[in-house]
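> Listed here are the chains, written in short residue letters.
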Amino acid sequence: MIGIDVSEALKTVFYPLHQELGAQFTTFAGYDMPLRYPMGALDEHLHTRTAAGLFDVSHMGQIFLSAPDGVPAVMAALEALVPVDLLALKPGRQRYGLFTTPDGGVIDDLMVANLGDRVYMVVNAGCKAADMAHLQAHLQGVEFALHERALLALQGPKAVEALASLAPEVANMKFMDVREMTVGGADVIVARAGYTGEDGFEISLDNADAEAFARKLLAHEAVAPIGLVARDTLRLEAGLSLYGHELGLDMTPIESGIGWAINKARRAGGARQGGFPGAARILDEMANGAKRMLVAVTGETRAPVREGAQVFARAEGGEAIGHVTSGGFGPSLGGPCALALVDAGHDAERYYAEVRGRRLAMNRATLPFTPHNYAR
Amino acid sequence: MRYTDDHEWIKADGDAFTIGITNHAQEALGDIVFVELPAVGDSFSKGDVMATVESVKAASDIYAPFDGEITAANEALADEPGTVNAAPTAGGWFVKMTATDTSQLDALLDQAAYDALID
Numbered sequence: 185m186i187g188i189d190v191s192e193a194l195k196t197v198f199y200p201l202h203q204e205l206g207a208q209f210t211t212f213a214g215y216d217m218p219l220r221y222p223m224g225a226l227d228e229h230l231h232t233r234t235a236a237g238l239f240d241v242s243h244m245g246q247i248f249l250s251a252p253d254g255v256p257a258v259m260a261a262l263e264a265l266v267p268v269d270l271l272a273l274k275p276g277r278q279r280y281g282l283f284t285t286p287d288g289g290v291i292d293d294l295m296v297a298n299l300g301d302r303v304y305m306v307v308n309a310g311c312k313a314a315d316m317a318h319l320q321a322h323l324q325g326v327e328f329a330l331h332e333r334a335l336l337a338l339q340g341p342k343a344v345e346a347l348a349s350l351a352p353e354v355a356n357m358k359f360m361d362v363r364e365m366t367v368g369g370a371d372v373i374v375a376r377a378g379y380t381g382e383d384g385f386e387i388s389l390d391n392a393d394a395e396a397f398a399r400k401l402l403a404h405e406a407v408a409p410i411g412l413v414a415r416d417t418l419r420l421e422a423g424l425s426l427y428g429h430e431l432g433l434d435m436t437p438i439e440s441g442i443g444w445a446i447n448k449a450r451r452a453g454g455a456r457q458g459g460f461p462g463a464a465r466i467l468d469e470m471a472n473g474a475k476r477m478l479v480a481v482t483g484e485t486r487a488p489v490r491e492g493a494q495v496f497a498r499a500e501g502g503e504a505i506g507h508v509t510s511g512g513f514g515p516s517l518g519g520p521c522a523l524a525l526v527d528a529g530h531d532a533e534r535y536y537a538e539v540r541g542r543r544l545a546m547n548r549a550t551l552p553f554t555p556h557n558y559a560r
Numbered sequence: 005m006r007y008t009d010d011h012e013w014i015k016a017d018g019d020a021f022t023i024g025i026t027n028h029a030q031e032a033l034g035d036i037v038f039v040e041l042p043a044v045g046d047s048f049s050k051g052d053v054m055a056t057v058e059s060v061k062a063a064s065d066i067y068a069p070f071d072g073e074i075t076a077a078n079e080a081l082a083d084e085p086g087t088v089n090a091a092p093t094a095g096g097w098f099v100k101m102t103a104t105d106t107s108q109l110d111a112l113l114d115q116a117a118y119d120a121l122i123d
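Listed in order, the protein sequences are those of chains A and B. The first sequence lines up with residues 185 to 560 when you count with my numbering. The second sequence lines up with residues 5 to 123 when you count with my numbering.
By construction, these hints were calculated from the structure, which means they are not laboratory data. Beta carbons are placed, not taken as given, at the ideal position from N, Cα and C, and that holds for glycine. Treat each hint with caution, since some may be false.
[To be verified] Chain A residues, not near chain B, derived (Cβ > 10 Å throughout):
(1) Ala225
(2) Leu271
(3) Arg277
(4) Leu299
(5) Gly310
(6) Gln320
(7) Glu353
(8) Phe359
(9) Ala455
(10) Pro488
(11) Ala545
[Unchecked claim] Listed below are several chain A residues computed to face chain B (Cβ distance under 7 Å; list not exhaustive):
(12) Gly224
(13) Leu226
(14) Val413
(15) Ala445
(16) Arg486
(17) Phe513
All chains, full assembly: derive it from the sequences and hints.
Listed below in structure tokens is the structure:
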């Protein structure tokens, strides 16, 4: 064999900047991504909750869609794949959505934005190829392409102050607003949204403009770079689903606890009820309940409960009734928190998670574990 | 001070040995949020999991560096697990342990060998 490493990880445009900032790297969805910076994951998490954190999320997929008859035609076509009221999505707004399978599973979760003259979609890094194949197989009359662009997330209570120092107009955007604008000569797409439960923005821009833009944000006193460890603890505390954990081909959106994402118009009795893959099963589960349900739990001790831990109804004996889908230590919560997929017949206030052969008592909690702080 | 290739340090302390994780290990693990320690009187064989250290990101096992019995556990880590990050070879010690087969100590790394391992 020739000594070529075909498995070498991809790098985002920010890789040299991450190196300069002292990042420790990990491979995530095929990309070399910053795991954490010298500040450390715990302080990165807390910094994002109290000031502003800058995340490189350029590994995510950015898809632009258009049609000769304009955005309404794109949205109408997408509604056949996504159980969301996309026809009601106004220019300058975005919504959370899903690609579902005929048996009610989830191919990916995503954001869909109406940019007025075209549609912009952000999908998970690990699902890019499957999403594109899905669109190619099932989306009729729409042109679409995955663009190699940079994507930054600026999150935290001081995110608006930091971004407004470069682009004052972002200050009057509301949660889930999307705008195209020119900032310091760079054309950017700004969405007031994120994945931390905090106020903040996601900023899409050409790779050529990316590093200079990131440096301007990092120059603001409130902004620090944040790695993937803190990104995960922030989203877990915020109760936000992660594909491959709380969402997947083998779980329905109802089991995943995101029935709220299916808008009224697409539900039973709605103006355009059903009409998406898996509608029969998903709408039936909305009416009659699903076999499994996602529950939120917190620990009584400091011991974290991790993904994969078996969950039991009792402290001793009995079969496992489910498993932890995501779990860890919540730095803002100051203790362990976890999400678990359990049999719906076991709706209880207390569960037991098996950690190193012992069953730890876990108390039912409501999501989010830490309050959301969106600019509604 | 001696070392294992699992990044533990061992220091003689009277009839027993104090054991912890190295500075290199705590840097690699990141912020430590929980340490599960054995009870005084527990016995382990070399290579047994005798403790677990949890960082924000993941859980890691700590192995017994030789056969022996636990004579003390650092209970202060229950409330202040971050001491392992702040002072891994001082206040962040894990356990004190006897060595029932002192010939196993010969397999431990000296400073130069450990420095070469992490270089």
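> If a hint holds in the structure, say so; if it does not, say that too.
Okay, the hints, checked on the actual structure:
1. Ala225: violated, 4 Å
2. Leu271: holds, 42 Å
3. Arg277: holds, 35 Å
4. Leu299: Given a closest Cβ separation of 37 Å, the condition holds.
5. Gly310: Given a closest Cβ separation of 18 Å, the condition holds.
6. Gln320: For A:Gln320, whose nearest Cβ neighbour in chain B is about 36 Å away, the distance exceeds 10 Å, so it holds.
7. Glu353: holds, 36 Å
8. Phe359: About 28 Å separates A:Phe359 from the closest Cβ of chain B, which puts it past 10 Å; holds.
9. Ala455: Given that every Cβ of chain B is farther than 10 Å from that of A:Ala455, nearest at about 46 Å, it holds.
10. Pro488: A:Pro488 is in fact no farther than 10 Å from some Cβ atom of chain B, at 5 Å.
11. Ala545: holds, 16 Å
12. Gly224: holds, 5 Å
13. Leu226: This interface hint holds because 4 Å falls under the 7 Å limit.
14. Val413: holds, 5 Å
15. Ala445: At about 29 Å, which exceeds the 7 Å cut-off, the nearest Cβ of chain B leaves the hint on A:Ala445 violated.
16. Arg486: holds, 5 Å
17. Phe513: Status holds, d = 4 Å.
Of the hints listed earlier, those the structure fails to meet are numbers 1, 10 and 15, in rising order.
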